[in-house]
Amino acid sequence: MAEEVTMNPYLPYPAVIDAVTVESEDGNLKTFRLVLESRQDREKWNHTPGQFAMLSIAGKGEIPIGIASSPTEKGGLLFTVNRAGVVTTALHKMNVGDPIGVRGPLGNGFPVDTDLRAKNIVIIAGGFAFTTLRATLIYMLEHRQEYGRITVIYGARTPGMLLYKEELRAWQERDDLDVHITVDREAPGWDGLVGFVPTIAGQVCPSPDNSAALICGPPIMIKFTMPPLVKAGWTDSQVYLSLENRMKCGIGICGHCNVGPVYVCKDGPVFTREEVQKLPVEF
Amino acid sequence: MKPLVVEKAQAGSWLRKLCQEFDVFGPVETKKGFYNWKRLDGTIVPHIPQGVAKVSIKTFFFPQPEVMFEFDARPTDPEAFRPIEPHCDFNPRVLFGVRPCDARSVALNAMPYREDPYFQRKRKETTIVAFLCEEGCLTCFCTLTGGSPVGIEGADMAVTELETGFFLEPVTEKGLRLLDYEFFRKPTAQEKSIAQERKKGAQKSVEDTASKLRSKDLMDLYNAHFWAAVAESCINCGACTFLCPTCYCFDIQDEALRGKGRRIRYWDSCMFPLFTQHASGHNPRGEKLKRVRNRFMHKLKYFPDRFGPISCVGCGRCVRDCPVNIDIRQVMEGLMEV
Ligand SMILES: Cc1cc2nc3c(=O)[nH]c(=O)nc-3n(C[C@H](O)[C@H](O)[C@H](O)COP(=O)(O)OP(=O)(O)OC[C@H]3O[C@@H](n4cnc5c(N)ncnc54)[C@H](O)[C@@H]3O)c2cc1C
Ligand code: SF4
Ligand code: SF4
Ligand code: FES
Numbered sequence: 001m002a003e004e005v006t007m008n009p010y011l012p013y014p015a016v017i018d019a020v021t022v023e024s025e026d027g028n029l030k031t032f033r034l035v036l037e038s039r040q041d042r043e044k045w046n047h048t049p050g051q052f053a054m055l056s057i058a059g060k061g062e063i064p065i066g067i068a069s070s071p072t073e074k075g076g077l078l079f080t081v082n083r084a085g086v087v088t089t090a091l092h093k094m095n096v097g098d099p100i101g102v103r104g105p106l107g108n109g110f111p112v113d114t115d116l117r118a119k120n121i122v123i124i125a126g127g128f129a130f131t132t133l134r135a136t137l138i139y140m141l142e143h144r145q146e147y148g149r150i151t152v153i154y155g156a157r158t159p160g161m162l163l164y165k166e167e168l169r170a171w172q173e174r175d176d177l178d179v180h181i182t183v184d185r186e187a188p189g190w191d192g193l194v195g196f197v198p199t200i201a202g203q204v205c206p207s208p209d210n211s212a213a214l215i216c217g218p219p220i221m222i223k224f225t226m227p228p229l230v231k232a233g234w235t236d237s238q239v240y241l242s243l244e245n246r247m248k249c250g251i252g253i254c255g256h257c258n259v260g261p262v263y264v265c266k267d268g269p270v271f272t273r274e275e276v277q278k279l280p281v282e283f
Numbered sequence: 001m002k003p004l005v006v007e008k009a010q011a012g013s014w015l016r017k018l019c020q021e022f023d024v025f026g027p028v029e030t031k032k033g034f035y036n037w038k039r040l041d042g043t044i045v046p047h048i049p050q051g052v053a054k055v056s057i058k059t060f061f062f063p064q065p066e067v068m069f070e071f072d073a074r075p076t077d078p079e080a081f082r083p084i085e086p087h088c089d090f091n092p093r094v095l096f097g098v099r100p101c102d103a104r105s106v107a108l109n110a111m112p113y114r115e116d117p118y119f120q121r122k123r124k125e126t127t128i129v130a131f132l133c134e135e136g137c138l139t140c141f142c143t144l145t146g147g148s149p150v151g152i153e154g155a156d157m158a159v160t161e162l163e164t165g166f167f168l169e170p171v172t173e174k175g176l177r178l179l180d181y182e183f184f185r186k187p188t189a190q191e192k193s194i195a196q197e198r199k200k201g202a203q204k205s206v207e208d209t210a211s212k213l214r215s216k217d218l219m220d221l222y223n224a225h226f227w228a229a230v231a232e233s234c235i236n237c238g239a240c241t242f243l244c245p246t247c248y249c250f251d252i253q254d255e256a257l258r259g260k261g262r263r264i265r266y267w268d269s270c271m272f273p274l275f276t277q278h279a280s281g282h283n284p285r286g287e288k289l290k291r292v293r294n295r296f297m298h299k300l301k302y303f304p305d306r307f308g309p310i311s312c313v314g315c316g317r318c319v320r321d322c323p324v325n326i327d328i329r330q331v332m333e334g335l336m337e338v
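Chains as they are written, first to last, in my numbering: chain A, 1 to 283; chain B, 1 to 338.
Possibly wrong hints are sitting among the right ones.
To be verified - Which residues of chain A face chain B? A partial, calculated answer using Cβ under 10 Å:
id, residue
1, N8
2, L11
3, I57
4, G85
5, T88
6, V96
7, D98
8, P99
9, R157
10, P159
11, P188
12, W190
13, P219
14, C249
15, G260
16, E274
Unchecked claim - Not the full set, but computed from the structure, chain B residues with beta-carbon under 7 Å of chain A:
id, residue
17, M68
18, E70
19, F81
20, R82
21, P117
22, H278
23, A279
Don't read these hints as lab results, they were simulated from the structure.
Computed from a predicted model, the values in this text were never measured in an experiment.
Virtual Cβ for every residue (Gly too), placed ideally from N, Cα, C.
Using the sequences and the hints given, assemble the complete structure.
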C-alpha cells in the first residue's frame with residue numbers, strides 16, 4: 001500500500017507553513033515558506049528554477065504556483081502568491097504552522113544547466129511574475145562562474161509593489177551583476193529608474209551576442225519588450241518565456257492547460273519564443 | 001490463444017458463473033430502443049443490440065465523480081493533508097457485449113492516462129468482452145478512424161455470434177481467464193471458417209486518416225476557413241464531450257463537510273467557457289469558435305501528433321445526439337482537404 005501511495009502523482013506531500021512575508025504595500029502579495037513534513041519527501045525533492053508546484057489547501061482546492069526559491073537555498077520552499085480567487089484567498093488567510101499540501105516539482109523549468117550555461121543572461125520581469133526568475137537568479141549567482149554577464153531588468157507599478165526588496169538592494173551593490181529596477185511612475189522617496197519595463201529594456205538593450213533573455217510578465221509587457229530586442233538583433237530562439245494557463249492535474253492529462261498540441265503543465269511552462277510563435281495564441 | 005465455442009443454451013450458465021465471480025455489466029434495454037449499461041445478475045443473457053449503447057463505457061473507467069483521496073479538513077489539525085487513498089471500491093469487472101469501437105476507446109485513452117493510477121487500476125481490473133459487428137449502423141464510421149467492425153484493439157475477448165452459439169476468441173490473459181469453466185467445446189472446422197469469413201468480409205479501414213492529418217501543418221488546419229461555419233450553430237451544451245468515449249478531460253474539486261473532506265474529479269468539457277478561464281478573468285478560449293475548434297483539433301490533430309491515432313473511434317454518438325447536427329465526419333473531410 002505504501003508503495004502505491006508514493007506512485008500516485010495526484011497525492012500531495014504534507015507540508016507546513018514555516019514563514020509568511022507580506023511583500024507588497026497593498027498586502028495582496030505574500031511569500032510563504034513551506035517545509036515538507038517528512039524527511040524522506042524533503043530529501044527526494046529536487047527542482048529546477050522555473051518549475052512550479054501544486055499547492056493544496058484541504059477543502060478549498062489546488063493551485064499551480066511557481067517555485068520562487070532556488071534549489072540551492074535550504075530551509076524550505078518559497079512561493080509568492082497573489083490573492084486572486086478562492087484558493088489564493090484561503091492561502092492568504094493562513095498562518096505559520098498551518099498544514100498545506102505540495103505536489104511537484106512540475107513542468108520543465110529554465111535550462112540553467114544546459115542551454116543557458118556560459119551565456120550572457122538577461123532577466124526581464126514585470127510585476128509579480130518575477131518569482132521563478134528570482135529562483136533562477138539565485139541559482140546563477142550560486143554558480144556565478146558558469147554564466148557570462150548577468151543583467152536584470154525588473155519593474156513594478158509602484159515601489160511598494162516590488163518583491164524581495166532587501167535582496168534587490170543587495171543585488172544592486174554587487175559588481176558581477178547589472179541590475180535595473182524601475183517603477184511605472186514617479187513616487188515620493190523613489191530615486192531609481194522610472195518607466196515601463198519595455199522602455200528600460202530598450203535603453204539598457206544588452207547585446208544579443210552569445211546571450212539569452214528570460215522574460216516573465218503580463219502578456220502586454222512581453223509584447224512591447226520584443227520590438228526593442230528584435231531591433232538590437234535578438235532572435236526568437238534566444239528568448240525564453242514562461243506561459244500560464246488554467247491548470248488542474250499539472251501532469252498533462254486533464255486537458256485544461258493546452259496551447260494547441262502542447263500542455264503548459266508538462267511541456268512547459270518554459271518555452272522559447274520561437275516555439276511559442278508556432279502555436280495558436282491560446283494562453 | 002485457441003478459440004472456444006459456447007452453445008447459446010449454455011451461455012446463461014456461463015454468465016451466471018461469471019456473475020458470481022465478477023461484477024458483470026451489459027447493455028440492457030431500459031426503454032424501447034434505448035440501451036444502457038446495467039449490472040447483470042445472471043438471469044438473462046442480454047441481447048447485444050446493433051451499434052452502441054447510449055452511454056459509452058468510459059463511465060467504468062472515469063466514474064462520476066471519482067474520489068482521488070480523502071483528508072481531514074480542519075485547518076488547525078496536524079493530520080490534515082495526510083491524504084488517505086480511498087479503497088479500491090469495486091470488484092473485478094466484466095463488461096459483456098462491448099462493441100469494438102468502445103473497446104478501442106479504452107486503448108486510446110490509455111495513452112494519455114499511462115501514468116494515471118486510478119485509470120490504470122480500473123483497466124487492470126476490467127475484462128472487456130467485445131462483440132464483433134456484423135454490419136455497421138447508420139451513424140457509425142469506425143473504418144474512417146483507424147478501427148474496424150471486427151477490431152479487437154482494447155478487447156480482452158472477441159465474440160462472433162453464430163447461429164446456435166458464440167465463437168469466443170481470448171485476446172489477453174484476462175480474456176482467457178473467463179474461459180476457465182466447463183461450458184465450452186472446440187469449434188468445428190465450419191464454425192472456424194464462418195468466423196474467418198465474417199472478418200474477411202468486414203469493411204476495411206478506408207484510408208489512414210491519422211497519418212494524413214499528422215502530415216498536415218498544424219497552423220494550416222488551425223486557420224482553416226470553415227471553423228466559423230462549423231461553430232456557428234453550436235450551443236455549447238457539451239453533450240458531444242460527455243457522450244464521447246474518447247473525451248477524457250476532467251476537473252478536480254474539493255468537498256468538505258464537518259471537518260472531513262475529499263478530493264474528487266469528474267468529467268469536464270472544453271466546450272465550456274470556464275474550462276480555460278484564468279482567475280484574472282482572462283480567457284484564452286473565450287470565444288465559442290475557439291472551443292469548438294479545440295475539440296476537433298484535439299481529436300484530429302493534437303492527439304495524433306502526440307500519440308499516433310486520432311482520438312475518435314467513430315462510434316457516432318456525437319453525430320447522433322448533437323442538437324444542432326454538427327458532424328465530425330464533415331470536419332474530418334474538411335481538414336483532409338486543407
Ligand atoms: C505555471 C504557473 C505558475 C504560476 N505561478 C504563480 C505564482 O508564482 N504566483 C501567483 O500568485 N500565481 C501564480 N500562478 C497563477 C495562479 O495559479 C492562479 O492565480 C490561481 O490558480 C488562482 O486560483 P484561485 O483559486 O485563487 O482563483 P479562482 O478564480 O477561484 O480559480 C479557480 C481554479 O481555477 C484554476 N485557475 C484559475 N486561474 C488560474 C491561472 N491563472 N493559472 C492556473 N490555474 C488557474 C485553479 O485551479 C483554481 O483553483 C501561476 C500559474 C501557473 C499556470
Ligand atoms: S468524436 Fe463522436 S464519433 Fe468520435 S468517438 Fe467521440 S462520440 Fe464517437
Ligand atoms: S453536442 Fe453539438 S451543440 Fe452540443 S456542444 Fe457538442 S457540437 Fe455543440
Ligand atoms: S493541467 Fe491538466 S493537462 Fe495541464
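Hints the structure violates: just list their numbers, smallest first.
Per hint list: 6, 9, 10, 11, 12, 16, 18 violated.
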